[in-house]
Amino acid sequence: MKSRDKENSREKGVPSLEVVNQEQKISKQTLLIKQPSFILLCTRTLTCTATSSEHETLPKGVKILLKEFDDLFPPKGPMGLPPLRGIEHQIDLVPGASLPNRLAYRTNLQETKEIESQVQDLLEKGLV
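For reference, each letter of the sequence shown is one residue, going 168 to 295 in our numbering.
In case anyone wonders, no lab produced these hints; they're calculated from the structure.
Incorrect hints may appear among the rest.
[What the hints assert, rightly or not] Cross-link-like lysine-lysine pairs, in silico, DSSO-like; alpha carbons within 27 Å at most:
#1 292 x 243
#2 280 x 292
#3 280 x 243
#4 243 x 230
#5 227 x 243
None of the values given here were measured: they were computed from a predicted structure.
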């Protein structure tokens, strides 16, 4: 969206969807406009923080944004392994080698439950 279009949409009160990369700075002007603004910070995580009841209470602008990119997040993952490709990567095991003796990563109760449910899903699908 060009800057002139942004100004016109703000003057008319038309909400706009803007995506800002983490490296870009959010200007004071963006934060001081009188429209509601939402900042979505995505990080790698093992836990799911959204539930169906929370999704119903989201603001309309966020619902529109999530619906726009709905095709990127299918409700269920693929059933089975991916198809064979031209290059297959493998791990060559050394006979008689010992396993590394390390402690498991520390997780809180919520993360532990999520890991257990994901492992159970993978076992049911036959992927593990």
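Hints, one by one, checked against the model:
This hinted pair checks out: residue 292 and residue 243 have alpha carbons roughly 12 Å apart, not beyond 27 Å. Note on residue 280 and residue 292: the hinted pairing holds, with a Cα-Cα distance of about 18 Å set against a maximum of 27 Å. Between residue 280 and residue 243 the CA atoms are separated by roughly 19 Å; this keeps the pair inside 27 Å, and the hint holds. A distance of roughly 20 Å separates the Cα atoms of residue 243 and residue 230; the hinted pair therefore holds under the 27 Å criterion.
This hinted pair checks out: residue 227 and residue 243 have alpha carbons roughly 25 Å apart, not beyond 27 Å.
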